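Student: So you can see what is in the structure, the chains are spelled out below.
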Amino acid sequence: VDLNVPQADELEISLFGPGVGECVVVHLGRGEWMVVDSCRDPDDRQPAALKYLTQLGVNVASQVKAIVVTHWHDDHVDGVDELFAACVNATLVCSQALRGKEFIDFVNMDRPPAVEETGVSTFRRLLELLKQRQAALPMKARGPVWASADRTLLNQAAASNLPAYNVVALSPSDAAITLSLNEINEEIERSHVNLAPKRRAVARQPNEAAVVLQIQVGGISVLLGSDLESRPGVWDGWSAVLQTQTIKGIRSTVFKVAHHGAASGHSSKVWEDHLIVEPIAILTPFLIGSQRLPSEKDVERICSSTSQAYLTSGARWTQPPKRETAVERTIKPIASERRVRRRSFGQIRVRVATGHPGQCRVDLAGSAHRLTGSESA
Amino acid sequence: MSRSQLLEVLDDPHDLSLGIDPDGPNPNNTSSARRFTALPPSPYPESGPASDAMGLGQTMLLGPTAPTAILQDHPVPIKALDARSAVFSAPMEILRVLQKWEGTVQDINGTEFTARFSDLTNPENPPEFMTMPVEEVPTPDRELLAPGAVFYWVIGYRERRDGHRERASSIRFQRLPAWTASARTEAKENAHRLAQELGWT
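In order, the protein sequences belong to chains B and P.
Heads up, the first sequence is in the numbering used here, so the first residue is 1 and it goes up one at a time.
Heads up, the second sequence is in the numbering used here, so the first residue is 1001 and it goes up one at a time.
Bear in mind the hints are in silico, worked out from the structure with no lab data behind them.
No experiment lies behind these values; they were computed from the predicted model shown.
The C-beta atom is built at its ideal place from N, Cα and C for all residues, glycine as well.
Be careful, since some hints might not be right.
[Claimed, not checked] Quick look at which bits of chain B chain P covers, simulated, 3 or more residues with Cβ under 8 Å:
# : segment
1 : 79-93
2 : 120-132
3 : 136-143
4 : 148-157
5 : 319-326
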């Protein structure tokens, strides 16, 4: 992609994906930016958003208005503490489902890893940074901005030749918040009551508390689906998003497909009622254990709804590096499967002038590619 | 080498391969060779796994010169060790470490489990995912096998003083102490304090 900054009236959505992980960088117009989640460029381990914005010549200290952490899972927060440290004037936005002492208690209970970062350890550093940054503020003004259904997070009125923008959370719902805090409490109690050995925090499924965002710049709307999943019932997940006031009557042009294209994150109602015909669908892959997203079926389903679907990178296993013979001979009879993720990294960039909503330009970088309907991640 | 590092190898009483008798001292053993015994396992320090990680590519002494093993037939608590003089000689056996990973259990599927392995020997290597039988986990550690549990896998050569050597593999789960009521109370208070400082109420 070229490294020219977008025009003041131009909306940009850039999705970065390193195989596992994702980050969305949004230009809201007038040189103001927002970052949603964080991942790193595998080549130099820099937070992808920070690297890209610096390359564009953006002053991240003053021009990044908000950093949204949609949920605490490893693949959405990698490097977010570094990003937040650099964006000194950015507001931190977190899911309301994390509000309460339960989550901080949960974060405190996680064991720090020796060599691998986890979402929880990153979150712990993020909280420390937030505490330092807000130390001079009165108590009432401290803490993140809490995202919950129908809450406006950022907005600006239109000004001479500059479009208005509005960023609203569509989730979590009240029910999802309660459910999430209960789950965190259960996890804490399980550890405590049974006097279980300390271990690292592990994400629970399904993810009903992630923050889904609707961004409107001028007359163009974007829906960022995070990892929100669907569950039976109408009180959480996508069912609850469909109940929000904000989404009613709005059709988005760009959709960051939820939960890496998985069926569990799919809502046909969203595609039918809240996206334009032939929307631009963008997504990142996910690969862990036997789970690879999007699967062939997922790709088929997405491509049956739009011909403009893009994936940041393929998620493939590859052979691990060869080690010395004695080590290989020892591993062989023990490990039935050995694999490493193939290194890849891609960016999908959508730019559209707010005065010309039908003229979106899609640029692809790295391993990003268009989905054709007959492949898996 | 720290005490915890050595214990990581020595604290499995069922691992005969490291020269430790699982049944404790054998009064009928009339061998003239002096046998060493590991100290009883103690909880790992609270400083986190980084401090538990064995040095890379190093040689571990598994004989009586190691600071936590002494030449006698009965395990002796560390405090007692400090108070008495121990007789040291050349190590009986060493483990030459060729490869060490830190693993985190991802999921368990019946008789197998999958883990993510971070290469501690060559940290620039990408994380590796391996599936292996649960039976590879030492029996005393199986109760620790759960998603999120951290363990270490060491592969190397066990070399004896007489020149004999053989390949060795050791999987050990991190035995962080369980949450106690007082530790939980303290953690809760810390969380409460941080929540207040952040206006997180």
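Student: So, for every hint listed, does it hold in this structure?
Tutor: Against the structure, the hints:
| no. | hint | in the structure |
| --- | --- | --- |
| 1 | 79-93 | violated (count 0) |
| 2 | 120-132 | holds (count 3) |
| 3 | 136-143 | holds (count 5) |
| 4 | 148-157 | violated (count 0) |
| 5 | 319-326 | holds (count 5) |
Comparing the model with each earlier hint shows violations of hints 1 and 4; every other hint is respected.
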